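In order, the protein sequence lines correspond to chains H and Z. For the first sequence, my numbering assigns the number 2 to the initial residue and increments by one for each residue that follows. For the second sequence, my numbering assigns the number 4 to the initial residue and increments by one for each residue that follows.
It is worth saying that the hints were derived from the structure and are not from the lab. Computed from a prediction, not measured in an experiment: that's the story for all the values here. Don't take every hint at face value.
[What the hints assert, rightly or not] For each label pair, taking beta carbons as the anchor points, the in silico distance ranges come out as:
1. L210/Z with Q43/H: 31 to 37 Å
2. A161/Z with K53/H: 37 to 43 Å
3. G13/H with H336/Z: 16 to 22 Å
[As the list claims (entries may be wrong)] In silico EDC-like cross-links for lysine to aspartate or glutamate, where the CA-CA straight-line distance does not exceed 16 Å:
4. K299/Z with E38/H
5. K5/Z with D46/Z
6. K5/Z with E80/Z
7. K175/Z with E222/Z
8. K5/Z with D24/Z
9. K175/Z with E120/Z
10. K53/H with E222/Z
11. K175/Z with D212/Z
12. K5/Z with E160/Z
13. K53/H with E220/Z
14. K5/Z with E82/Z
15. K131/Z with E108/Z
16. K299/Z with D46/H
17. K299/Z with D50/H
18. K131/Z with E120/Z
[What the hints assert, rightly or not] For the chain Z half of the interface with chain H, some residues (derived, Cβ under 10 Å), not all of them:
19. I215
20. Q217
21. S219
22. P228
23. S282
24. S283
25. P292
26. V295
27. A296
28. Q304
29. S306
30. E309
31. I344
Here a beta-carbon is modelled for each residue, glycine too, at the ideal position from N, C-alpha and C.
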Amino acid sequence: MTAIPSLAESLGVNRIVDGIAVTHPMGAPELSAVEEEIRRVQLFDLALDALKTSVDGPTVFNLDSSN
Amino acid sequence: MKVLHYLNQFFAGQGGEEAADQPPEYREGPIGPGVRLDQLLGDQAQVVGTLFAGDNYFSNNPETASEEIETFLQASEAEILVAGPAFNAGRYGMACGEVCTLATERLGIPVLIAMSENNPAVELYRSKVPILGTADSTGGMGEGLSGMASAIMAFVEAEDGWSDLSSLLIPKGIRLNELSSTRGSTRAIDLLLSKISGESYSTEWPLPDYDIVQPSEMESNNSQPVVALVTEGGLVPQGNPEGLNSGRADRWFSYSVEDIESLESDGFEVIHGGIDTSSSNQNPNRMLPLDVALDKQSSGQISLHENIYSTTGNQGAIPTMRRIGDEIAAELHNAGVQAVIATST
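Whenever a hint applies, use it, and build me the whole structure from the sequences.
Here you go:
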């Protein structure tokens, strides 16, 4: 889970979840506490989905495109 | 020139895995591949002795092994120590690296290792000792020995030792500063123009090679995988009691999260030296989502591993990061963890 998926891709990481920011990949301080927690749950769910998905090589999972 | 040859137990004819614990031994004259090496050297140099040890001996007895090897090296009166060819044999390569580092650093004896550039020991020792590339397997023995003999003979002739012969060797991976008559922007444009026009060009800044890792699959019917959380974000208990580095990390730590419900800011902090840590320090779950993971465990979607794992990726050296990754992965594998969620800054 990283905010720089292109870097992870170039390193050969196979399942990459596009995170929120470099300084807080799983946080969204600009949102309300409730909204931020919802976003974190969504990202975690996306990570679990990614782990259950077959991939052939580096693959980026993105919250926006999966919804 | 008096050449001392280092071999493992297998190439010294002592046996395979059953002899891998054998302590170091010294014999006068060449043994095994050393016989051919001695012939190839002709009159310029002679293999005066052979030192050998079991593949496991170094990793199992690092201190006594070093002492024993040092005693043998001093007694041999060698003018150069050559090791291998170790091809792509990892333990053999590591032993060659240890013996040659010791010989050159403690006793000032010139050394040469022959092994494949794919040998894992290359990454660890190439900055310390000259390494000659060989094939991956013993099929390249003839070629490897010829290469060693040529390199030794070139060394005998060289005025300035191995530094004159760097083109023969695997690059040390050390970048040297040099003055150029043109500035960087000009050189960059020249490089680009050469590339566009199909002329030859070479980078000033070669990128390291990374491993290609085959994706693993989780069993599709696994409805409650054992998941571990890992981060390179420099997450530590408040006050960083174990002293995790804020950059150039050489260590990692695991922390039990069995008795906590979330990463609270009075219990954990982020000491990563390459980012603004304030938002993650307000709520460390923003770095590693333990709060959500524990909810997922309560709802039965995952079984959360009892420890979280942390190091700092900032300015990390690739070989060190690889070791840290290997060590964490081995612990997770032994603990039966089936999936890892790793957060990265």
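ask   = Hint numbers the structure violates, sorted upward?
value = Hints 2, 7, 8, 29, 30 not satisfied by this model.
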